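> Sequence:
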Amino acid sequence: MERPLQIGMIGLDTSHVSIFAALLHRHQAADASCLRGITIGCAYPGGSSRMELSYSRVDRYKNELIREYGVPMLSSIEAVAEAADVIMIESVDGSTHLEQFSKVAPYGKPVFIDKPFATCFADALAIVALAERYSVPIMSASSLRYASALTDALERVGHGDIIGADVYGPMPFVHGQADYFWYGIHAAEMLFAIMGHSSRQVHTLCSGGHEVMTGTWADGRIGVVRGRRQGGCFGAVIHRERGSDHVGIHPGGKPYYESLLEQVAHFFRKGISPVAPKETLAVISFLEAANRSRETGMSYDL
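Note that our numbering has the sequence shown beginning at 1, numbered continuously upward.
Source of the hints: derived by calculation from the structure; they are not laboratory data.
Wrong hints could be hidden among the right ones.
[As the list claims (entries may be wrong)] Calculated pairs, DMTMM-like style, for lysine to aspartate or glutamate (alpha carbon to alpha carbon, straight line, at most 20 Å):
(1) 270 / 2
(2) 270 / 301
(3) 103 / 132
(4) 278 / 301
(5) 62 / 52
(6) 109 / 262
(7) 109 / 78
(8) 109 / 152
(9) 103 / 68
(10) 109 / 99
(11) 270 / 85
(12) 254 / 241
(13) 109 / 2
(14) 270 / 295
(15) 270 / 132
(16) 278 / 219
(17) 278 / 295
(18) 278 / 132
(19) 62 / 78
(20) 103 / 82
(21) 254 / 152
(22) 254 / 132
Quick caveat: nothing in here was measured; it's all calculated off a predicted structure.
Generate coordinates for the entire structure from the input sequences, incorporating the hints supplied.
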């Protein structure tokens, strides 16, 4: 068994707090699990005054961590960074991530930043610059990136190289979070997992509760995100040289939150993110430009 790791969790205002805590607890008795030995050692509740969906949920998840798992609450972000081996920034308001990361970066410990990494490209660049300055390993990813149906499809051989993709999913908006950074981040992460980081332009159309982002990649390939404001399920069509594969992501099988947490565990152990910072930056740049295109109707270079 590898050495135990204690997570310091920052921002207890998202269902991910409850999901991750339950998964970590369940796997402590599983000898073969890469999650064994990784526990939540302390937390800072946080909460964003600008998002009702944040401040209205902090007490619920804070009390759950205390009651169900005995997690101590500390008085500051810095105290958590000092006490923990690794950090998870879970705050649901992505606009707070730069400020929070700036407080933990000097401690030099691996940091997972939950989606969205940031809500503007300037903040995303600043986080990466701080990580480089303090030699801090960072990782950010949507759980949908690791849905088994998608990862299995990407590993499939026989139909040639990927020449394009159409990704779809629910895309509700919420007050306090820039449009596509709320749920659009999930479908965008799926698209970039399929297509890679070299997007060069995006144009957005919206009508009748549907949001369509069309991206052009450096090699001329086209990738599309189609969002439905009223909800629905996630999925994709991956176009290859000799055929197209439909990827449906449905309940059942291995939960994608568990697959994400396994990737985070490997990251914490090795200090190497499976998602390169340049790809994370590309996703944020894409979404920021897509939001701008939604407002103006113009295409934007990335």
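> Indicate, hint by hint, whether the structure satisfies it.
So, going through the hints one by one against the coordinates:
1. 270 / 2: Satisfied, since the Cα-Cα distance of roughly 11 Å is no more than 20 Å.
2. 270 / 301: Status violated; Cα separation ~35 Å.
3. 103 / 132: 15 Å, holds
4. 278 / 301: 16 Å, holds
5. 62 / 52: 16 Å, holds
6. 109 / 262: With a Cα-Cα distance of about 18 Å, the restraint between residue 109 and residue 262 holds, given a limit of 20 Å.
7. 109 / 78: 12 Å, holds
8. 109 / 152: 32 Å, violated
9. 103 / 68: 28 Å, violated
10. 109 / 99: The given pair, whose Cα atoms are some 16 Å apart, holds under the 20 Å limit.
11. 270 / 85: 13 Å, holds
12. 254 / 241: 29 Å, violated
13. 109 / 2: It holds: about 18 Å lies between the C-alpha atoms, which stays within 20 Å.
14. 270 / 295: Since the Cα atoms of residue 270 and residue 295 sit roughly 42 Å apart, the hinted pair is violated (cutoff 20 Å).
15. 270 / 132: OK: residue 270 and residue 132 at ~17 Å, within 20 Å.
16. 278 / 219: 17 Å, holds
17. 278 / 295: 26 Å, violated
18. 278 / 132: 13 Å, holds
19. 62 / 78: Holds, because 18 Å separates the two Cα atoms, which is no more than 20 Å.
20. 103 / 82: 11 Å, holds
21. 254 / 152: Holds, at about 12 Å.
22. 254 / 132: 34 Å, violated
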